[in-house]
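With the hints as constraints, model all of the structure from the sequences given.
Top to bottom, those sequences are chains A and B. Under the working numbering, the first residue of the first sequence carries the number 6, and numbering increases by one thereafter. Under the working numbering, the first residue of the second sequence carries the number -4, and numbering increases by one thereafter.
Think of the hints as simulated: they come from the structure by calculation, not from any bench. Any given hint could turn out to be false.
Unchecked claim - Subject to a maximum C-alpha distance of 30 Å in a straight line, what follows is the list of computed BS3-like cross-link-like pairs (lysine-lysine):
id, chain 1, residue 1, chain 2, residue 2
1, A, K143, A, K115
2, B, K212, B, K120
3, A, K151, B, K120
4, A, K143, B, K279
5, B, K279, A, K210
Claimed, not checked - If you want the footprint, here are the derived chain B segments under chain A, 3+ residues with CB under 8 Å:
id, stretch
6, 74 to 88
7, 194 to 202
8, 222 to 229
9, 277 to 283
Note that CB positions come from ideal geometry on N, CA and C, so glycine has one too.
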Amino acid sequence: MSHLLEVKDLEVKFALRFGDLTAINGVSLTLDKGERLGIVGESGAGKSVTGFAIINLLSKPGYISAGRVLLEGQELNRLPEEDMRKIRGNRISMIFQDPMMTLNPVLTIKTQMIETILAHANVSKTEATDIALDKLKKVHIPSSEKRIHQYPHECSGGMRQRIVVAIALLTNPALIIADEPTTALDVTIQAEIMDLLQELCASEKMGLILITHDLGVVSQVTERIAVMYAGKIAEIGPTQVVIHDPQHPYTQGLIKALPGSLQPGSRLNQIPGMMPTLTDIPPGCAFHPRCTISDTICRMEVPALISRHDHDHMIACHVVK
Amino acid sequence: MENDNSLLAVNNLVKHFDISGGLLEQLRWKNGRIVRRKTTVKALNDISFSIMPREILGVVGESGCGKSTLARAVLGLYPPDSGEINYQSSRIDNLTPHQMLPFRKKMQMIFQDPYASLNPRMTVKRTLEEPFLFHNKSATPTEVKDKVEEVMQQVGVEPSWITRYPHEFSGGQRQRISIARALMVDPEFIVADEPVSALDVSIQAQILNLLMEAQEKRGLTYLFITHDLSVVEHFSTRVAVMYLGKICELAATSELFESPRHPYTQALLSAIPELGRQKPTHIKLKGEVPTPIELPAGCVFHGRCLYTDERCIREVPQLISLNSGVEVACHAVEENRI
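Laid out in structure tokens, this is it:
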């Protein structure tokens, strides 16, 4: 029970007029102190919903219908909203994709940072300013004394995302959930932000959940990867193992579909079809209509996530065992 | 640079956008006097390149470097401020819309966002028929129907879905329909502006394969704009790297990826996250991209470059050809300092 975060059989549903849609269907994962876990998958796989469920920020009509989320042994999904607010933004912080949308455009950076500190800690405004400046320095913002008085529109995209990271750090959280933190940024800036996150996880002993669709980014930053497909984990394991020796046909397909490993100009290996929408997830293994090695059992039975020889590496597939 | 066999040749293209607004917004108080000041975004500054028939020229660069402006300027969607665009040796940048018509049929465009580029109130049938009928006024209904069916089959969209509306399709299928619309008039030259950036990896592979197939079957020439370097490496024959409205390096794809010459290209390539490479050893650039409103003097990259010297601050480097066929705009490369 020494895990920082433990997610057990998490199930998230969206209550709609014509019935409930299952967005997350039995996701289990753990994260230790200072560990970096990547959640990858295509749009609609349930990556972001998993992130939101962990921080208990699902907006209606979404709700956690089953399972448990434990942070340092405390069950988050049963907490009353009042208590959850003390944890959210304090023990767990979240970083979103678009820094322009995350920051309030009519408040200075200082106001936004101090607001967060005062909400969670009993300190004076001067002390709060000192904390804010300290965190801005941690994310390498040059001339932070000047920057702190500026408005978000005066900063570039990369700078804004650093400020968002600094705000996430204000309360020294134990866990940071980063949902596509660099998708809106250029590659050179992306590399800087990723370096920064990695550095901070090591120095502050923070756990990181990195949600992204970019396998390249995930393979560089994280220690473990969970590959999601249609609301379930298809494969989870140490990053290097999953990338170099993927077992699930979907993971294999994803990695092979990337240009880069092939002779330039040759046909890319495509996965036929597309991810099913939540309204018509196929019975059995959700991937079977697109799978090249599917069997009769795949159409009938949902495969369980079982570990291979290596305890850490788990896959959900009937055919590959 | 000058080549008579080229399909498209762009010479010294310049495009600036005036963003200063109305007269009152242009007035500033300066040293006790009111002065009028214009603000312009310098999107393209002296761009020259040519594309050979059947070639795929990839254009890469970070956001705001002028990639998309270049795409639109080449097709005449933005009139250039100065410079020339030649298509098969005839100048097209100064034509009237009517004179441009025969060229429009040969040049088509595919846009980034398949949700925004298809008219939501038009069925697939109407979307595809419109460009064909516009350019073939005398076409009979059977010809139109056959053409639509043929093209839909080619892009892998079920022809019986012809009466559906865009919202009934997924992102990947919409992008197939956009490609079909471009292919309807049998173009020779296609400008694709980030055609796969809005799509998921598995769908991205499908669309890239489709574009490659169309290129082989129809002998198409592409100007392929993207920010994704791994896509460019796989897809294009030559690559132009842009920074702040300038081409800083232009080379054959394998040459560029194996031995990048320009310091910016080197930094850009080193920042690509590669599968399974645990320890990134990317080149860290100083600072951030300056705004294209106030361009730095001299080399536009000098403020962030690791090899800047006095000449770079003073003098704008020109694109020079090295013996390997690589074109680079860098004083340091020219002087063998790198």
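Hint by hint, here is what the structure shows:
Proximity of A:K143 to A:K115 is assessed by CA-CA distance (about 15 Å); at most 30 Å being required, the pair is judged to hold. Annotation: proposed proximity of B:K212 to B:K120 holds, straight-line Cα distance about 23 Å (limit 30 Å). Proposed proximity of A:K151 and B:K120 is contradicted: the alpha carbons are some 57 Å apart, above 30 Å. For the hint linking A:K143 to B:K279, the alpha-carbon distance of about 17 Å falls within 30 Å, and the restraint holds.
Annotation: proposed proximity of B:K279 to A:K210 holds, straight-line Cα distance about 25 Å (limit 30 Å). Only residues whose beta carbon comes within less than 8 Å of a beta carbon in chain A count, and the stretch 74 to 88 of chain B has 0; fewer than three means the coverage is violated. Look at the stretch 194 to 202 of chain B against chain A: 7 of its residues bring a Cβ nearer than 8 Å to a Cβ of that chain, three or more, so the hint holds. Three residues within the 8 Å Cβ limit are the bar, and the stretch 222 to 229 of chain B against chain A gives 6, so the coverage statement holds.
Beta-carbon proximity to chain A at under 8 Å applies to 4 residues in the stretch 277 to 283 of chain B; the threshold of 3 is reached and the given coverage holds.
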